[in-house]
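Asks: The chain contents come next:
Protein chains: 2
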Amino acid sequence: MHEFDLIKKYFSKLSLGNKNSLNLNDDVFFDKKKKLVISVDTYVYKSHFFDFKKPNLVIKKILRSSISDLICKGVKPKYYFISGSGNKKTFTKSNLNKISFSLKQEQKKFGIYLSGGDTVFSNKLSFTIISVGFSKNIIFRNNAKINDDIYVSGNLGDSYAGLKILKKDISLNKYSNKYFVMKYYLPELHIDLAKKLLSFANTSIDISDGLFTDLDKLINRQKLSYKINLGDVPISKKLKAMILQKKLKKIEFISRGDDYQILFTASQEKARIIQRTFKSLGIKISKIGKICSINQKSQIIDEKGNKITIKNKGYLHKF
Amino acid sequence: MHEFDLIKKYFSKLSLGNKNSLNLNDDVFFDKKKKLVISVDTYVYKSHFFDFKKPNLVIKKILRSSISDLICKGVKPKYYFISGSGNKKTFTKSNLNKISFSLKQEQKKFGIYLSGGDTVFSNKLSFTIISVGFSKNIIFRNNAKINDDIYVSGNLGDSYAGLKILKKDISLNKYSNKYFVMKYYLPELHIDLAKKLLSFANTSIDISDGLFTDLDKLINRQKLSYKINLGDVPISKKLKAMILQKKLKKIEFISRGDDYQILFTASQEKARIIQRTFKSLGIKISKIGKICSINQKSQIIDEKGNKITIKNKGYLHKF
Chain Y
6 MHEFDLIKKY FSKLSLGNKN SLNLNDDVFF DKKKKLVISV DTYVYKSHFF
56 DFKKPNLVIK KILRSSISDL ICKGVKPKYY FISGSGNKKT FTKSNLNKIS
106 FSLKQEQKKF GIYLSGGDTV FSNKLSFTII SVGFSKNIIF RNNAKINDDI
156 YVSGNLGDSY AGLKILKKDI SLNKYSNKYF VMKYYLPELH IDLAKKLLSF
206 ANTSIDISDG LFTDLDKLIN RQKLSYKINL GDVPISKKLK AMILQKKLKK
256 IEFISRGDDY QILFTASQEK ARIIQRTFKS LGIKISKIGK ICSINQKSQI
306 IDEKGNKITI KNKGYLHKF
Chain R
6 MHEFDLIKKY FSKLSLGNKN SLNLNDDVFF DKKKKLVISV DTYVYKSHFF
56 DFKKPNLVIK KILRSSISDL ICKGVKPKYY FISGSGNKKT FTKSNLNKIS
106 FSLKQEQKKF GIYLSGGDTV FSNKLSFTII SVGFSKNIIF RNNAKINDDI
156 YVSGNLGDSY AGLKILKKDI SLNKYSNKYF VMKYYLPELH IDLAKKLLSF
206 ANTSIDISDG LFTDLDKLIN RQKLSYKINL GDVPISKKLK AMILQKKLKK
256 IEFISRGDDY QILFTASQEK ARIIQRTFKS LGIKISKIGK ICSINQKSQI
306 IDEKGNKITI KNKGYLHKF
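Here the protein sequences line up with chains Y and R, keeping their order. Take 6 as the starting number for the first sequence in my numbering and just add one per residue. Take 6 as the starting number for the second sequence in my numbering and just add one per residue.
Among the hints, erroneous ones may be present.
As the list claims (entries may be wrong) - Here are the computed lysine-lysine pairs in the DSS-like style, where the Cα-Cα straight-line distance is at most 30 Å:
1. Lys173/R <-> Lys58/R
2. Lys65/Y <-> Lys18/R
3. Lys129/R <-> Lys173/Y
4. Lys103/Y <-> Lys179/R
5. Lys39/R <-> Lys201/Y
6. Lys39/R <-> Lys94/R
7. Lys18/Y <-> Lys58/Y
8. Lys179/R <-> Lys51/R
9. Lys289/Y <-> Lys251/Y
10. Lys94/R <-> Lys81/R
11. Lys255/R <-> Lys39/Y
12. Lys243/R <-> Lys228/R
13. Lys40/Y <-> Lys222/R
14. Lys222/Y <-> Lys255/R
15. Lys81/Y <-> Lys40/Y
16. Lys222/R <-> Lys51/R
17. Lys65/R <-> Lys172/Y
18. Lys275/Y <-> Lys81/Y
19. Lys200/Y <-> Lys38/R
20. Lys129/Y <-> Lys255/R
As the list claims (entries may be wrong) - Just a few of them, taken from the derived set where beta-carbon distance is under 7 Å, the chain R residues facing chain Y:
21. Leu19
22. Val49
23. Phe86
24. Ser88
25. Ser107
26. Phe115
27. Tyr118
28. Gly122
29. Asp123
30. Val125
31. Lys129
32. Ile135
33. Leu171
34. Asp174
35. Ser176
Rather than coming from a laboratory, the hints here were simulated on the basis of the structure. Idealized CB from N, CA, C, for every residue including glycine.
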């Protein structure tokens, strides 16, 4: 059973008294009265990060994954907590120094502070990160409108290519290997975009599980469908070249997660302000499809105009 | 290395920019401007709870342990988050139903709500609980004054007796076994006391690691000592009888943790208001000693007036 099924089935009734919790059906908790936004995520060795050979990169990846939950909702993170479970082999002096140094760099980059946490001994390495921000409003899930344009920031798929290189499924030259592996470890976050998103996005999510899985999660309680033009889904030149060279499929790469780009919908009238905002911040933006009525099934259209179906929509935190 | 050493050594410098975090040297994080109080604790199978045969009791114990951090600081908890790591054997339908039912009971008892969390698959069972409350002020650690009286709520040691019964180190009659085991699983929390504590306590902590360990933590950054009269440390009639019968030592039981009673200091002038407050709430209160200058060593005086020394001050989350 996947994480959201578990949460929904057994725990959603426990939050019914609390309207702010969005019935546990969103990435963040929002207390509108207190203007408080909180995200909680646990990252387990082998499920959420491939190995711990580079603790300096692993800790950056999971911290970014956590604050990404806030950023994609239109909220700037302010501080964070870490609870780490490890043992003498994983929490060596050297590793703790590396983790501490990496966190210092991330704090400077994103303007956040460590506020507390816990460290416990366990032979299973894992981290829980709690990110906290303050905002009058947030962008909710399940708020798309018919005919909304669907947008995505940056490029998708580089992170999955990096994971395939780490797993030795693919090998390229040294320079390209490094490029993709760093995309896996250090997803690009658009923190300056956070507050601006509130002015044009109807609904939003960060792509952690894969484009189609996250699109489904974004509108899962709405009677809507989507139409995505595969040719418009943005990938890097490096990924395009690699896919051609290795005879792989683009859809395979964009359907896997860990990109942490922002997926959002907006009404057509917002098209100009969106283009202008992203240009002024130097962030790539792509319109990749439309929100449609429930009368038609969700569609993915390939470059030749043919409808395609995919079996494995995404990732759901399992290797 | 123990949890607080780890936190201090590697992570305290990361919070220097953030005055609110108390340099990670307290049980809670307090954002005075936002009046926000947060505690984060991770509980690992075999380290923080003995077994998982009774998930309904285990989840109550760890939730109470988490909100106890807020209550002892003078703050009423408002909501909480749970991140659970488990597998198919630990997160069975039956166990999840029991956990959910228990949480519902606790929510009603303490007026709190589940606000979110995460569930991940791991062969090592653990829970991270985040408790959130709002308060204009809190009671800090390291704020004791010379000549302060030292107080403790309720009784100590019943919980450790329960753990010894679970571990089969001790066996009593069925009724007594149950009494102590339930004290281990269901520590008594004084939620109605929370806000009142602010008006008389100079410094406070909940007893999770044992009386002397927590007393040391309470004043660890202050140039102070303490004098405790062992005869004044409150234990239940049942524990007194058991200790006599089995020829065990009182100090052994009060030095172990998991009681979650509130340990605090207050100036002598507050003695009357303290007695009156506890009486009106029907909570037992005991004056067990005094805060002294650093010119003398901390002392424990036994019932015969002799100074005693103890080797193993407490628990530090290891069996």
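Asks: Does the nearest C-beta of chain Y fall within a distance shorter than 7 Å of the C-beta of Val49/R?
Replies: Holds. Min distance 5 Å.
Asks: Would the pair Lys129/Y and Lys255/R pass a check requiring their Cα atoms to be no farther apart than 30 Å?
Replies: violated, 36 Å
Asks: Hint check: Lys65/R vs Lys172/Y, CA-CA at most 30 Å. Holds or violated?
Replies: Distance of about 41 Å is beyond 30 Å: violated.
Asks: Verify the proposed pairing of Lys39/R with Lys94/R, using a straight-line Cα cut of 30 Å.
Replies: Judged against 30 Å, a Cα distance of about 42 Å means the pair is violated.
Asks: Using Cβ atoms only, decide whether Leu19/R comes closer than 7 Å to chain Y, and label the hint accordingly.
Replies: holds, 4 Å
Asks: Quick one, are Lys40/Y and Lys222/R close enough, alpha carbons at most 30 Å?
Replies: violated, 34 Å
Asks: Between Lys65/Y and Lys18/R, does the CA-CA distance stay at or below 30 Å?
Replies: holds, 17 Å
Asks: Hey, Lys173/R versus Lys58/R, does the alpha-carbon distance stay inside 30 Å?
Replies: holds, 15 Å
Asks: What's the verdict on Lys94/R and Lys81/R, does the C-alpha distance respect the 30 Å limit or exceed it?
Replies: violated, 35 Å
Asks: Holds or violated: is the Cβ of Lys129/R closer than 7 Å to a Cβ in chain Y?
Replies: This interface hint holds because 3 Å falls under the 7 Å limit.
Asks: Hold the hint about Asp174/R up to the distance rule: shortest CB distance to chain Y must be less than 7 Å.
Replies: violated, 22 Å
Asks: Within 30 Å, alpha carbon to alpha carbon, are Lys255/R and Lys39/Y?
Replies: Violated - the C-alpha atoms of Lys39/Y and Lys255/R are around 46 Å apart, more than 30 Å.
Hint compliance for this structure: hints 4, 6, 7, 10, 11, 12, 13, 14, 17, 20, 25, 26, 33, 34, 35 are broken, all remaining hints hold.
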